[in-house]
Amino acid sequence: MDYQIFLAEDVWKFIDQNGIDRKNVSSVLRNLPEVGDFSELNPLDGRQLEIKVVSDYAITYFFGHAVKEIKIVDFDYAD
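Residue numbers (my numbering): 1 to 79.
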């Protein structure tokens with residue numbers, strides 16, 4: 001899949017503040033499945049968000065197929 005990846009500003013802050021290697025993050029994000037381990041509806045717009053757990057982190061995202069984008073809306077420690 002040849003999709004552009006966009007990260008919310010808060011995601012970059014979390015990555016930088018926690019010393020997470022951006023190269024590793026980039027590799028993981030380029031291989032996100034269309035269906036994550038869990039899904040939930042965004043209460044603001046009703047969009048289905050996918051949540052993928054990778055190591056100690058939970059990545060929340062959605063695919064914008066019409067515009068060939070993956071939008072990362074949250075990156076946090078998995079509970």
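Worth flagging that the hints you see were computed from the coordinates, not collected in a lab. Hints should not be assumed to be uniformly reliable.
In the DSSO-like style, the derived pairs of lysine-lysine whose C-alpha atoms are separated by at most 30 Å in a straight line are [claimed, not checked]:
#1 Lys68 / Lys52
#2 Lys13 / Lys68
#3 Lys52 / Lys13
#4 Lys52 / Lys23
#5 Lys13 / Lys23
#6 Lys13 / Lys71
#7 Lys71 / Lys23
#8 Lys52 / Lys71
#9 Lys23 / Lys68
Verification of the hints:
1. Lys68 / Lys52: Holds - the C-alpha atoms of Lys52 and Lys68 are around 19 Å apart, at most 30 Å.
2. Lys13 / Lys68: holds, 24 Å
3. Lys52 / Lys13: holds, 19 Å
4. Lys52 / Lys23: holds, 18 Å
5. Lys13 / Lys23: holds, 15 Å
6. Lys13 / Lys71: Roughly 16 Å separates the two Cα atoms, so the pair holds.
7. Lys71 / Lys23: Since the Cα atoms of Lys71 and Lys23 sit roughly 18 Å apart, the hinted pair holds (cutoff 30 Å).
8. Lys52 / Lys71: This hinted pair holds, its Cα atoms lying about 13 Å apart.
9. Lys23 / Lys68: Distance ~22 Å between Lys23 and Lys68 Cα, so the pair holds.
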